[in-house]
Amino acid sequence: MLFDLENVHKHYGDFHALKGITLKVPEGSIGLLGPNGAGKSTLIKSLLGLLSFSSGSASVLGYRLPDEALKVRQAIGYMPENDCYLPYMTAVEYVSYGGELAGMPRSESFRRAHEVLYYVGLGEARYRQLEGFSTGMKQRVKLAQALVQGPRLVFLDEPTNGLDPKGREEMLDLINDVKARGVNIVLSSHVLPDVEHVCDSVIMLNQGGLIHYGPIDELKKGGKEVVEIETKDQNDAFEKVLRQKGFSITKDGLRLKITVPENSKRDDILRLAVENDIQVRHFMPAELTLESAFLGLLGEHS
Amino acid sequence: MAIHEQNYVRYDGPLRQTGAWWTIARTSLRTYLSFLRTKLVLLGLWVIGPLVAGVLILVEYGARGQIAQFTEVTAPSGDYVTYFLQMQAFALAVLFMANGCGVISEDLRYRTFQLFFSKPLSRLDYALGKYLSLLLLGSLITVLPATLLATLRCAFFMQSEFFASVAKQMAIGVGMSALITFVMAAIVIGLSSLTSRTGYVVLSWIGVLMVPLILSGIVGIATDGAEWANLWSLTGSFMVASKSLLSEEVFDGPIWVAWAVLFGTMALGLFGLAQRIRTLEGVA
Numbered sequence: 001m002l003f004d005l006e007n008v009h010k011h012y013g014d015f016h017a018l019k020g021i022t023l024k025v026p027e028g029s030i031g032l033l034g035p036n037g038a039g040k041s042t043l044i045k046s047l048l049g050l051l052s053f054s055s056g057s058a059s060v061l062g063y064r065l066p067d068e069a070l071k072v073r074q075a076i077g078y079m080p081e082n083d084c085y086l087p088y089m090t091a092v093e094y095v096s097y098g099g100e101l102a103g104m105p106r107s108e109s110f111r112r113a114h115e116v117l118y119y120v121g122l123g124e125a126r127y128r129q130l131e132g133f134s135t136g137m138k139q140r141v142k143l144a145q146a147l148v149q150g151p152r153l154v155f156l157d158e159p160t161n162g163l164d165p166k167g168r169e170e171m172l173d174l175i176n177d178v179k180a181r182g183v184n185i186v187l188s189s190h191v192l193p194d195v196e197h198v199c200d201s202v203i204m205l206n207q208g209g210l211i212h213y214g215p216i217d218e219l220k221k222g223g224k225e226v227v228e229i230e231t232k233d234q235n236d237a238f239e240k241v242l243r244q245k246g247f248s249i250t251k252d253g254l255r256l257k258i259t260v261p262e263n264s265k266r267d268d269i270l271r272l273a274v275e276n277d278i279q280v281r282h283f284m285p286a287e288l289t290l291e292s293a294f295l296g297l298l299g300e301h302s
Numbered sequence: 001m002a003i004h005e006q007n008y009v010r011y012d013g014p015l016r017q018t019g020a021w022w023t024i025a026r027t028s029l030r031t032y033l034s035f036l037r038t039k040l041v042l043l044g045l046w047v048i049g050p051l052v053a054g055v056l057i058l059v060e061y062g063a064r065g066q067i068a069q070f071t072e073v074t075a076p077s078g079d080y081v082t083y084f085l086q087m088q089a090f091a092l093a094v095l096f097m098a099n100g101c102g103v104i105s106e107d108l109r110y111r112t113f114q115l116f117f118s119k120p121l122s123r124l125d126y127a128l129g130k131y132l133s134l135l136l137l138g139s140l141i142t143v144l145p146a147t148l149l150a151t152l153r154c155a156f157f158m159q160s161e162f163f164a165s166v167a168k169q170m171a172i173g174v175g176m177s178a179l180i181t182f183v184m185a186a187i188v189i190g191l192s193s194l195t196s197r198t199g200y201v202v203l204s205w206i207g208v209l210m211v212p213l214i215l216s217g218i219v220g221i222a223t224d225g226a227e228w229a230n231l232w233s234l235t236g237s238f239m240v241a242s243k244s245l246l247s248e249e250v251f252d253g254p255i256w257v258a259w260a261v262l263f264g265t266m267a268l269g270l271f272g273l274a275q276r277i278r279t280l281e282g283v284a
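From first to last, the protein sequence lines stand for chains A and B.
Mapped onto our numbering, the consecutive letters of the first sequence carry residue numbers 1 to 302.
Mapped onto our numbering, the consecutive letters of the second sequence carry residue numbers 1 to 284.
Honestly, the hints are just simulated from the structure, not real lab data.
Please read these numbers as outputs of a predicted model, since none were measured by experiment.
There's no promise every hint is true.
Said to hold, decoys possible - Covered stretches of chain A, as calculated for chain B (at least 3 residues, CB under 8 Å):
(1) 81-88
(2) 113-122
(3) 147-156
(4) 200-206
Note that CB positions come from ideal geometry on N, CA and C, so glycine has one too.
Full structure from sequences and hints, please.
Encoded structure:
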């Protein structure tokens, strides 16, 4: 079990950052999604044992929080979103330092730093100072320091941030390889295709509450039909009509992606268009992407 | 083609549960020593400073025609140790200006707290490691030379009747060397905890030393050189405290103030560090 959260709350003064989350997450690769301010960072920090929950009980990898926070951090690697290194350190010094801080013997940490830097594709640059690294190299060296002590679980916070398409593809390939080596992944990202590429299931948060947890495939199917539609300059008006009837809608350029509720049929959309004198220009079944499913869920919960 | 090394094997060896503070101290010290400016300052303070001081002393005694007294076997005065300690305080101040002021501020600036606290170490480990790194750096020009000198001086007087008093003086000297290192390292770490700009820390460190020193000078002039005017500055208080242990001269003011200044400033510095560490909740 990766996490076992039982009705956890987190308050910052009057602000309620996490609202009674109960969650049992088995081992695997998990995406952590949510708009800004949803509580993702608070959840990650809490799971790392850096913040204590205001109430509720939690365990990570079988270790109770907050009593066994240090054991949790020993078993976890964390790749933060922003830069966190001393620019005058070389890559191998930085990664080796991370390993030693995690409790590795000094000589072993130094040896593993070389290996893990080769693994992430920085073998040739390992003696260069970090201040001269490109964005892609910095992301990889952060991943290297998260992996050096051989964690059972890694938290990746926006690992593809600032990367060009090739760099992004390489990073995702690397993360998938880490996953294939038996390391559990928690990926927090705003780039939903990245989450879709790496993760098997997702945790969705909104305004501190849990709005969904489950496999991505299930979410995309959701047992619901999705239709892509375009009207003659009346998308907004039609959206309003459909929402009143309980349809959930996401905008996709000039088109609307409509999730048909269980108590309705696809034909109901056309019937409503006719009743409201709305001219339909495009109407076809669509596949729900993670993005549209996410936006649909957000819409339902806001 | 994948960028990664395909034969990589995940580490599955033992992980230590304690001792992260020592890793921080050792790595920080190694980082300081890797800078050219640190090497130059250490070289200057170890070689050039004592050399210049030695030449000046010889010139002055030569001019007074008193060089012969160096060869006389007389009871060694504790004043030499006091002067040596004053030089050490000055050297330590210079060393910390060149390096050490970024001990916490650079972690704030470069957000390396995220690295530290995502690893299994406590805030106490972090604080202890950082403080120890400054103590080790400072000791290179305080405790280490003091110990060396103490050993040489004791060896020199080993077979004389003054050995016991010399040994006592040197023990006090090494102790006071350690004390000034503890005090100055605490002040530097406290100042460094206040801001993410290392330049400001260096300026405030100079200010902490110089402003009271100037004030002490003014008070000294106004009181016709009263000894208690020294109590207005850190280095003056250190001198007074050293003299109280090493010299038989009677001080014309309250000795406890000198000790209070030393321990008070050390406590303030450590309080600054503690405050910074305390407010680090959820830095990552």
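Inset, instruction - Report holds or violated for chain B covering the segment 81-88 of chain A, Cβ cut-off 8 Å, minimum 3 residues. - result: holds (count 7)
Legend entry - Claimed coverage, the segment 113-122 of chain A by chain B - three or more beta carbons nearer than 8 Å: Holds, because 6 residues of the segment 113-122 of chain A bring their Cβ atoms closer than 8 Å to Cβ atoms of chain B.
Legend entry - Annotated coverage of the segment 200-206 of chain A by chain B, confirmed only when three residues or more have a Cβ within 8 Å: violated (count 0)
Legend entry - Coverage criterion applied to the segment 147-156 of chain A (partner chain B; beta-carbon cut 8 Å; 3 residues): Contact hint for the segment 147-156 of chain A vs chain B: holds, 4 residues under 8 Å.
In terms of the numbered hints stated before, the structure departs from hint 4 and from no other.
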